[in-house]
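*Asks:* Listed below are the residues making up each chain.
There are 2 protein chains.
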Amino acid sequence: MEQYEKLKARLAEIGHIGTSMAVLGWDQQCYMPPGGAAERAEQFATLGKIAHELSVGDETRRLLEGAEAEVAGSDPGSDEAALVRVARRDFDKAVKIPTELVTEMAKATTLGHEIWVKARAESDYKQFAPTLEKLLDLSRQVAEHLGYDDQRYDALLDQYEPGMKTREVERVFADLKSGLVQLVQEIAAQPPIDDSVLRRDYDEAAQLAFGEYVIKKMGFDFTRGRQDRAVHPFCTSFGRDDVRITTRFDRNWLPMALMGTIHETGHALYEQGFDPKDVGTPLSDAASLGVHESQSRLWENIIGRSRTFWNVFYPGLQRQFPDALENVNLNTFYRAINKVEPSLIRVEADEVTYNLHIMLRFEMEKALLDGSLSVADAPDAWNAKMQEYLGITPPDDAQGILQDVHWSGASFGYFPTYSLGTLLSAQLYDKALADNPAIAEELARGEFGGLLSWLRENVHKPGRRYLPADLVQRVCGEPAQSHSYLKYLNTKFRTLYGLA
Amino acid sequence: MEQYEKLKARLAEIGHIGTSMAVLGWDQQCYMPPGGAAERAEQFATLGKIAHELSVGDETRRLLEGAEAEVAGSDPGSDEAALVRVARRDFDKAVKIPTELVTEMAKATTLGHEIWVKARAESDYKQFAPTLEKLLDLSRQVAEHLGYDDQRYDALLDQYEPGMKTREVERVFADLKSGLVQLVQEIAAQPPIDDSVLRRDYDEAAQLAFGEYVIKKMGFDFTRGRQDRAVHPFCTSFGRDDVRITTRFDRNWLPMALMGTIHETGHALYEQGFDPKDVGTPLSDAASLGVHESQSRLWENIIGRSRTFWNVFYPGLQRQFPDALENVNLNTFYRAINKVEPSLIRVEADEVTYNLHIMLRFEMEKALLDGSLSVADAPDAWNAKMQEYLGITPPDDAQGILQDVHWSGASFGYFPTYSLGTLLSAQLYDKALADNPAIAEELARGEFGGLLSWLRENVHKPGRRYLPADLVQRVCGEPAQSHSYLKYLNTKFRTLYGLA
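Residue numbers (the numbering used here), protein chains in the order written: chain A, 5 to 504; chain B, 5 to 504.
No lab work stands behind these hints, which were simulated from the structure alone. Don't take each hint at face value.
What the hints assert, rightly or not - Derived lysine-lysine pairs resembling BS3-like cross-links, with alpha carbons at most 27 angstroms apart: (1) B:K221 - A:K111; (2) A:K221 - A:K53; (3) B:K53 - A:K281; (4) B:K53 - A:K53; (5) B:K111 - A:K53; (6) A:K111 - B:K10; (7) B:K122 - A:K220; (8) B:K100 - B:K111; (9) B:K496 - A:K10; (10) A:K53 - B:K281; (11) B:K12 - A:K53; (12) B:K169 - A:K10; (13) B:K10 - A:K53; (14) B:K100 - B:K169; (15) B:K53 - A:K111; (16) B:K12 - A:K111; (17) B:K53 - A:K12; (18) A:K12 - B:K111; (19) B:K435 - B:K221; (20) A:K122 - B:K465.
Assemble the whole structure, with the sequences as input and the hints as a guide.
*Replies:* This is the structure we're talking about:
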């Protein structure tokens with residue numbers, strides 16, 4: 005296994021460069037002063053180039069071929085076989101993109117982020133438009149280099165959700181849409197929920213303290229991670245033992261920080277839960293962004309917005325914010341945090357309308373990439389779709405097309421994974437409870453050990469061993485489907501809104 | 005100039021890896037959770053190895069030789085000639101150290117830092133001793149590879165103060181010591197100054213705010229830098245446009261944060277003041293650590309502990325801390341922050357006794373490295389020297405041999421630069437006032453523009469163009485000497501203590 009060991013050492017070095025870049029990215033979004041942007045772009049470009057060259061170099065090809073020969077007779081389920089399989093997949097993908105394009109993309113996205121921050125702050129799409137044009141162009145080049153059978157978008161999607169096709173997403177989204185329509189219409193016919201209690205005065209330090217209390221209970225390990233503030237909440241990892249989440253606070257909108265923190269902690273628990281024996285290998289990573297999102301959605305919504313959860317945690321929240329919540333009963337609070345209403349900002353959207361925000365972005369991305377929509381016309385197209393899907397029009401671009409960080413990072417193909425993950429969250433939760441009925445009793449006591457153990461064993465520890473579709477089949481005994489999620493939504497929201 | 009341009013591009017890449025490692029180091033000391041240590045060590049090892057390989061690679065040698073040929077006919081004072089000269093010096097130094105030793109050192113110092121933090125927190129030298137042994141051994145290997153004419157210590161010293169020799173340091177320190185003895189003895193015969201006003205209750209947030217106010221006035225550019233908390237105060241740079249300082253706070257000891265912040269800002273002003281046209285080249289760096297320290301000492305002591313400074317800033321400090329300072333007059337405060345008294349912690353020492361702390365470390369390092377002192381005996385030796393030089397004995401190792409970060413990073417040869425810089429600070433200040441007498445009037449108004457401009461032009465902008473000895477000769481028209489500093493100390497402290 006000499007070639008295998010050498011391959012492993014080389015992949016570890018590539019991995020360390022990757023985690024170093026993650027530190028640079030984290031600092032960029034949490035702490036970097038504006039003056040640091042130019043050098044940061046150069047750092048990303050240089051490290052990205054080196055990592056890419058190492059990834060696609062002749063030595064890596066030779067070691068990979070040698071390792072493949074060495075593991076040819078092994079059990080395909082062995083760690084060694086899995087590592088080589090994943091390494092081959094990464095190599096074949098990386099080798100297709102020229103180093104110059106990787107470098108150019110790294111520079112363009114780093115500067116793009118700074119430009120986006122300013123454009124969003126000033127709600128000025130024109131500042132961002134040339135960057136978007138450039139990033140679309142580079143992404144088209146990436147897609148052409150990666151190749152695809154059916155649609156160019158397939159190549160980009162595959163970067164985030166290996167094996168997934170555009171047509172499949174379109175079909176799943178169509179299923180989901182038809183399933184949702186009746187529920188949304190029935191809810192719309194009900195009197196709106198009053199969620200004004202969530203807009204009272206919530207001291208930021210107290211919000212931070214309560215969030216930390218909750219995520220410690222969930223199992224976030226602060227000796228192997230931390231929480232900081234950032235413009236856009238995210239989770240990043242410098243290895244399973246250093247996982248960072250970020251949160252943003254609104255003093256007059258309690259769910260922003262609290263539910264955001266729980267969401268990012270769902271991601272973080274996945275990263276902190278990779279198998280220790282996989283550290284430093286490409287197996288110590290998520291199966292896909294969809295699987296990643298299944299974890300954040302499960303914790304944020306299925307757990308964090310459930311009546312069971314708040315039965316336990318609401319008294320503590322009331323004690324933390326006596327002025328705001330003393331006279332608010334549990335039912336009022338529970339209904340408020342589950343209010344269904346078309347809204348402008350994706351990350352603040354309720355569970356029922358959320359997926360419409362994703363469908364909009366998915367359609368916009370396809371149109372921008374295939375050129376049927378111009379960058380100049382994009383804000384109008386965005387606003388028109390918002391009106392069509394949600395019946396509302398953003399008052400400005402900051403609350404419209406400029407709201408998300410993704411396009412400034414050229415992450416086209418990323419958005420659909422949010423909805424794919426949302427569907428999977430319900431499927432996994434059903435399976436966890438079927439496998440271990442004691443989980444339900446624990447949750448009623450505010451304990452999460454049983455659920456976390458099930459997720460650790462079935463989803464976290466396997467890391468990247470299986471393609472997402474294979475992982476779902478192994479764990480759930482069936483392919484990914486949307487009826488678990490639709491059943492979950494119907495059960496929860498029909499009860500909440502008093503529907504039949 | 006084709007080879008020259010290629011060399012410049014290659015050096016820029018090496019520089020970007022270096023600034024990336026600086027980000028990793030900053031995060032490690034400011035924010036990293038304990039779990040992140042192992043991967044951080046791997047990141048340093050990988051990036052350090054890559055940077056070293058690029059630095060000493062055949063391609064670099066070839067480009068360097070080509071560039072030398074291309075600039076052979078140029079003005080030796082040109083940017084091109086300076087860049088090639090500095091690159092040659094770095095190359096010759098780097099090529100002597102084997103890559104494996106660089107990698108091992110990077111891992112050992114990263115883990116060493118974590119071990120030191122814990123050992124210091126628990127005041128348990130035994131935890132740190134094996135690390136110190138290991139780092140001394142690696143440093144001896146480094147010195148042997150670098151080579152030296154006279155003493156092994158020369159090779160290590162040269163890493164921080166190019167061109168400086170151990171014998172020269174010994175001579176300068178002997179001069180300084182004899183010059184100080186009389187002053188210290190005369191002060192010791194006076195009644196001690198009561199500095200209890202500095203130990204009152206100083207709210208941490210208010211300390212932070214006042215420190216920021218002061219350093220903004222000094223010229224710290226917060227759009228190109230920031231301030232964070234860390235166990236050990238330091239200044240680090242990710243390029244001239246992103247310079248980070250750190251501060252630690254003691255609620256009951258005002259000078260710790262305030263004077264520390266001014267000190268680190270002195271360093272930061274140097275880094276922020278490099279010539280924009282040098283960005284991304286090896287010229288965009290300090291001439292030496294001694295020159296670096298001259299900037300921090302000048303701002304902290306010659307400016308920040310002067311009566312002139314506090315004439316202007318004391319009313320603001322009183323307003324910031326009315327409970328603590330309302331009834332304390334300027335003279336009492338000024339005398340308190342300039343109290344001369346033997347003390348345990350180097351970074352909190354007064355201007356007069358400070359250099360004794362350095363001499364102690366310099367002698368310890370030489371003895372540890374040449375084996376005349378064992379690691380096991382080092383704490384006793386430290387305590388004996390503290391008794392000999394300062395008449396006090398540390399009650400525990402946290403306040404003794406474990407107090408400084410340097411040895412955990414194998415920075416043997418670093419300490420002497422603190423005293424060399426201290427001497428230079430007075431020499432530069434005298435020259436600045438001689439060149440531009442208006443500076444004194446500005447300082448009396450709490451304005452620092454004239455002084456900063458003089459430092460920018462004479463010290464900051466040249467960056468690494470000249471060896472420290474050449475820079476001092478160019479700027480001051482004389483070699484480095486100790487009489488300016490001794491004159492400064494005698495003038496200030498004889499007045500303050502009412503001596504003849």
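*Asks:* Now tell me, hint by hint, if it's right for this structure.
*Replies:* Here's how the hints hold up against the structure:
{"no.": "1", "hint": "B:K221 - A:K111", "result": "violated (34 angstroms)"}
{"no.": "2", "hint": "A:K221 - A:K53", "result": "violated (41 angstroms)"}
{"no.": "3", "hint": "B:K53 - A:K281", "result": "holds (25 angstroms)"}
{"no.": "4", "hint": "B:K53 - A:K53", "result": "holds (16 angstroms)"}
{"no.": "5", "hint": "B:K111 - A:K53", "result": "holds (24 angstroms)"}
{"no.": "6", "hint": "A:K111 - B:K10", "result": "holds (20 angstroms)"}
{"no.": "7", "hint": "B:K122 - A:K220", "result": "holds (24 angstroms)"}
{"no.": "8", "hint": "B:K100 - B:K111", "result": "holds (19 angstroms)"}
{"no.": "9", "hint": "B:K496 - A:K10", "result": "violated (64 angstroms)"}
{"no.": "10", "hint": "A:K53 - B:K281", "result": "holds (25 angstroms)"}
{"no.": "11", "hint": "B:K12 - A:K53", "result": "holds (17 angstroms)"}
{"no.": "12", "hint": "B:K169 - A:K10", "result": "violated (44 angstroms)"}
{"no.": "13", "hint": "B:K10 - A:K53", "result": "holds (17 angstroms)"}
{"no.": "14", "hint": "B:K100 - B:K169", "result": "holds (19 angstroms)"}
{"no.": "15", "hint": "B:K53 - A:K111", "result": "holds (24 angstroms)"}
{"no.": "16", "hint": "B:K12 - A:K111", "result": "holds (19 angstroms)"}
{"no.": "17", "hint": "B:K53 - A:K12", "result": "holds (17 angstroms)"}
{"no.": "18", "hint": "A:K12 - B:K111", "result": "holds (19 angstroms)"}
{"no.": "19", "hint": "B:K435 - B:K221", "result": "holds (22 angstroms)"}
{"no.": "20", "hint": "A:K122 - B:K465", "result": "violated (31 angstroms)"}
Violation of the numbered hints given earlier is confined to hints 1, 2, 9, 12, 20; the remaining hints are satisfied by the structure.
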